[in-house]
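In mature numbering (1 follows the signal peptide of the UniProt record, and there is no 0), the protein residues as written are -28 to -1, 1 to 140.
Some clues are possibly wrong.
Restricting the straight-line Cα-Cα distance to at most 30 Å, the calculated cross-link-like pairs of lysine-lysine (DSS-like) are [claimed, not checked]:
{"#": "1", "residue 1": "Lys58", "residue 2": "Lys6"}
{"#": "2", "residue 1": "Lys73", "residue 2": "Lys130"}
{"#": "3", "residue 1": "Lys58", "residue 2": "Lys73"}
{"#": "4", "residue 1": "Lys113", "residue 2": "Lys58"}
{"#": "5", "residue 1": "Lys73", "residue 2": "Lys6"}
{"#": "6", "residue 1": "Lys126", "residue 2": "Lys113"}
{"#": "7", "residue 1": "Lys6", "residue 2": "Lys130"}
{"#": "8", "residue 1": "Lys108", "residue 2": "Lys6"}
{"#": "9", "residue 1": "Lys87", "residue 2": "Lys113"}
{"#": "10", "residue 1": "Lys87", "residue 2": "Lys130"}
{"#": "11", "residue 1": "Lys130", "residue 2": "Lys113"}
{"#": "12", "residue 1": "Lys58", "residue 2": "Lys126"}
{"#": "13", "residue 1": "Lys58", "residue 2": "Lys130"}
{"#": "14", "residue 1": "Lys108", "residue 2": "Lys87"}
If you're looking for bench data, these hints aren't it; they were derived computationally from the structure.
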Amino acid sequence: MFVRSTKRVKLLGALVFLAVMMTGTANADIRRYKDLTLARNAEPTSHVLRGYNRGAISLHHIVGSRDGDRNMCMGYGSYDADHIIKLEQRLPNLTLQVRSKYPDTTLAVIGPHQKLYCADDSPSGRAAQLELHDLKRGTYKVWVGGIDQGAAFKYTLKVSQPDAVSQK
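Using the sequences provided together with the hints, build the complete structure.
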């Protein structure tokens, strides 16, 4: 009987080890789609990041209530940034667009020197879009939110360099 118990413990230990290893691998795969490093003229000029929003915390409690242009920072998301975008050099323009089946998304971005950018809608509807200009080199933390607390949805975040032409 003792031999059977030992085998069961070893089998259980092996299963737990495999489960932990598989979880680590899954998180690594998800991580690849969450962060981005950009440089001017980098190919391609458009990238798609993927994520999932759970809408638990009011974004204005995390990032602040208004950005430098007095846009309100609205919506609900997670405490930690959903995406990290690193710019290896200054960029003239960058566009962030949220796409989701959820009808009303929001965006909040904190850049170098704690510069805050927020968006609730886009020119074409209630999906959030931000057009950023004269961006400094550094790290940009991006939060995707939903206008309703508790909203849970998948989304894509399109990151585009609209004028990624050589500046000589």
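Hint check:
1. Lys58 with Lys6: holds, 12 Å
2. Lys73 with Lys130: Since the Cα atoms of lysine 73 and lysine 130 sit roughly 15 Å apart, the hinted pair holds (cutoff 30 Å).
3. Lys58 with Lys73: The given pair, whose Cα atoms are some 27 Å apart, holds under the 30 Å limit.
4. Lys113 with Lys58: Status holds; Cα separation ~9 Å.
5. Lys73 with Lys6: Cα-Cα ~19 Å, so holds.
6. Lys126 with Lys113: holds, 19 Å
7. Lys6 with Lys130: holds, 11 Å
8. Lys108 with Lys6: holds, 21 Å
9. Lys87 with Lys113: holds, 10 Å
10. Lys87 with Lys130: holds, 21 Å
11. Lys130 with Lys113: holds, 15 Å
12. Lys58 with Lys126: holds, 23 Å
13. Lys58 with Lys130: holds, 15 Å
14. Lys108 with Lys87: holds, 10 Å
The structure shown violates none of the earlier numbered hints.
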